[in-house]
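Chain order of the listed sequences is V and G.
Quick note: the first sequence, position 184, residue 292 per our numbering, numbers continuous.
Quick note: the second sequence, position 105, residue 213 per our numbering, numbers continuous.
Hint data in this document are derived by calculation from the structure and do not stem from the laboratory.
Errors might be hidden in some of the hints.
If chains are identical, the list can't say which one is meant, so a pair holds when it fits in one copy or spans any two.
[Said to hold, decoys possible] Below are the SDA-like pairs computed for lysine to any residue, each with C-alpha atoms no more than 25 angstroms apart in a straight line:
{"hint": "1", "residue 1": "LYS350", "residue 2": "GLY332"}
{"hint": "2", "residue 1": "LYS350", "residue 2": "VAL327"}
{"hint": "3", "residue 1": "LYS350", "residue 2": "LEU241"}
{"hint": "4", "residue 1": "LYS350", "residue 2": "HIS169"}
{"hint": "5", "residue 1": "LYS206", "residue 2": "HIS348"}
{"hint": "6", "residue 1": "LYS206", "residue 2": "GLU337"}
{"hint": "7", "residue 1": "LYS350", "residue 2": "SER140"}
{"hint": "8", "residue 1": "LYS206", "residue 2": "LEU239"}
{"hint": "9", "residue 1": "LYS350", "residue 2": "ASP225"}
{"hint": "10", "residue 1": "LYS350", "residue 2": "GLU337"}
{"hint": "11", "residue 1": "LYS350", "residue 2": "ARG199"}
{"hint": "12", "residue 1": "LYS350", "residue 2": "PHE336"}
{"hint": "13", "residue 1": "LYS350", "residue 2": "LEU128"}
{"hint": "14", "residue 1": "LYS350", "residue 2": "ASP339"}
{"hint": "15", "residue 1": "LYS350", "residue 2": "TRP335"}
{"hint": "16", "residue 1": "LYS350", "residue 2": "GLU284"}
Number of protein chains: 2
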Amino acid sequence: MRFTSEQRLDDGVLEREFTLGEIPGTLWTPGSAPAPAPLILIGHNGGLRTREPRLMARARHSAAEYGYAVAAIDAPGHGDRPRSAGEERIRADLRRAKESGEPIDEILEALIAPLVDRAVPEWQTTLDALLSLPGIGGPVGYSGMTAIGIRLAVVEPRIAAAGFFAGGFVPSALREEARQVTIPLLFLLQWDDEGNDRRLALDLFDAFGSGEKTLHANVGGHTGTPWFEVDDGNRFFDRHLK
Amino acid sequence: MRFTSEQRLDDGVLEREFTLGEIPGTLWTPGSAPAPAPLILIGHNGGLRTREPRLMARARHSAAEYGYAVAAIDAPGHGDRPRSAGEERIRADLRRAKESGEPIDEILEALIAPLVDRAVPEWQTTLDALLSLPGIGGPVGYSGMTAIGIRLAVVEPRIAAAGFFAGGFVPSALREEARQVTIPLLFLLQWDDEGNDRRLALDLFDAFGSGEKTLHANVGGHTGTPWFEVDDGNRFFDRHLK
């Protein structure tokens with residue numbers, strides 16, 4: 109893990125960009141922490157700096173106000189990461205289908221299922237590197253994109269609790285794998301998410317095998333999640349990681 | 109309003125039983141409050157002292173930890189309140205139908221719809237009396253039984269926010285009235301509530317007219333609501349009543 113930039117923010121949080129092999133990521137650590145900070149991984153599509161100001165604000169808030177180390181990496185083929193010819197072709201198909209109003213589920217299956225297959229081992233490699241840093245300790249939480257999170261929760265025993273955002277496509281195989289998820293879950297749904305089937309999301313919540321699972325649904329569209337859910341998410345992690 | 113007993117609890121909360129005409133109730137006020145305490149009304153079926161230890165613990169917690177005045181009254185025909193011959197007959201019908209496994213929705217309609225018609229004016233009278241006490245001020249929140257809460261939220265402008273528990277029968281007319289509810293809502297659902305139709309509960313959440321409404325659903329049966337929802341509920345009221 110090689111740090112490529114470092115910035116101390118107003119609230120004392122240290123924000124560092126890193127690369128790990130070909131994986132680019134960002135790490136936020138609290139200004140002062142007496143014990144090793146528990147770690148939250150933020151799963152997202154990528155292009156954090158240019159596309160996700162709210163996600164960056166959430167990460168800083170979790171570090172500054174709740175004392176978490178928080179890390180995000182760009183998913184394969186996202187942000188500034190190179191794309192294969194195959195990926196470019198599927199993305200072009202997706203754009204065309206959206207423009208012409210055709211169904212996009214099959215295209216999303218072809219895009220997201222292989223993305224998860226590649227992203228999860230990268231997250232595990234990143235987790236190894238993060239947990240070897242001084243000042244960062246377990247247990248570990250995952251927060252963000254559901255599809256990656258399901259696989260990670262199933263294969264990675266170091267993940268102790270997870271918050272999933274329901275507003276993204278979940279391939280059919282991962283909807284089945286959801287039954288094998290047994291860690292405590294907070295599932296966040298935007299009730300009027302224009303690009304997301306509400307019934308499918310509720311069925312997915314039902315499918316998770318976890319003995320403690322909570323659904324938070326808020327009125328509003330895909331990007332309308334209220335800020336108080338950020339604090340609810342941190343308190344959920346406080347219950348399970350501290 | 110006549111206070112019939114008074115007890116100072118360990119956490120400083122003053123617990124007082126009262127009667128207001130024929131309405132019996134309990135009021136909890138925080139041990140020390142610099143300003144008038146905002147008020148939370150707890151809607152329940154009745155028989156608080158003998159049947160609802162968890163509800164009493166919640167009320168004390170809201171007073172002690174969050175500084176609320178909290179009041180509960182027994183609904184007409186509940187707790188020690190007298191029942192009409194008609195009510196006794198419907199209740200006998202309900203018992204028989206439950207024992208023989210027959211559908212009970214029509215019987216519940218006949219029981220709950222008139223209960224709401226009688227209980228809501230009683231809540232309004234109680235609210236007048238509570239707000240005239242020293243140390244209690246607006247704004248006012250309602251927490252508890254959905255059927256009473258819908259009507260109260262529609263007819264009583266002093267109710268500024270409400271937390272509804274989805275695990276109770278809601279008469280069809282009140283399901284329609286739900287569209288007229290416009291105050292901020294927290295709707296609490298037990299995902300595996302054996303006596304409650306999940307789809308009906310989700311349809312009801314969808315129907316509320318509120319611009320800010322949040323659903324919290326937890327795995328488990330009717331009585332399994334996790335304690336952390338008590339704090340979530342208080343923080344919801346903090347956002348809207350303080």
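Verification of the hints:
1. LYS350 - GLY332: between (29 angstroms within a copy, 24 angstroms between copies)
2. LYS350 - VAL327: So LYS350 and VAL327 pass the 25 angstroms test across copies only (22 angstroms; inside, 31 angstroms).
3. LYS350 - LEU241: Close inside one copy (19 angstroms), not across copies (42 angstroms); limit 25 angstroms.
4. LYS350 - HIS169: both (17 angstroms within a copy, 23 angstroms between copies)
5. LYS206 - HIS348: neither (40 angstroms within a copy, 40 angstroms between copies)
6. LYS206 - GLU337: Answer is neither; intra-copy 30 angstroms and inter-copy 40 angstroms both fail.
7. LYS350 - SER140: within (16 angstroms within a copy, 31 angstroms between copies)
8. LYS206 - LEU239: neither (41 angstroms within a copy, 56 angstroms between copies)
9. LYS350 - ASP225: neither (30 angstroms within a copy, 48 angstroms between copies)
10. LYS350 - GLU337: Answer is both: 19 angstroms inside a copy and 19 angstroms across each meet the 25 angstroms cutoff.
11. LYS350 - ARG199: Classified as neither; 41 angstroms inside a copy, 49 angstroms across copies.
12. LYS350 - PHE336: The answer is both: 20 angstroms in one copy and 15 angstroms across copies each meet 25 angstroms.
13. LYS350 - LEU128: For LYS350 and LEU128, neither the intra-copy (28 angstroms) nor the inter-copy (47 angstroms) Cα distance is at most 25 angstroms.
14. LYS350 - ASP339: Classified as both: same-chain Cα gap 15 angstroms, cross-chain 18 angstroms, threshold 25 angstroms.
15. LYS350 - TRP335: So LYS350 and TRP335 pass the 25 angstroms test inside a copy (22 angstroms) and across (18 angstroms) alike.
16. LYS350 - GLU284: Neither way: LYS350 and GLU284 sit 30 angstroms apart in one copy and 44 angstroms across, limit 25 angstroms.
Hints 5, 6, 8, 9, 11, 13 and 16, counting from the list given before, are not met by this structure.
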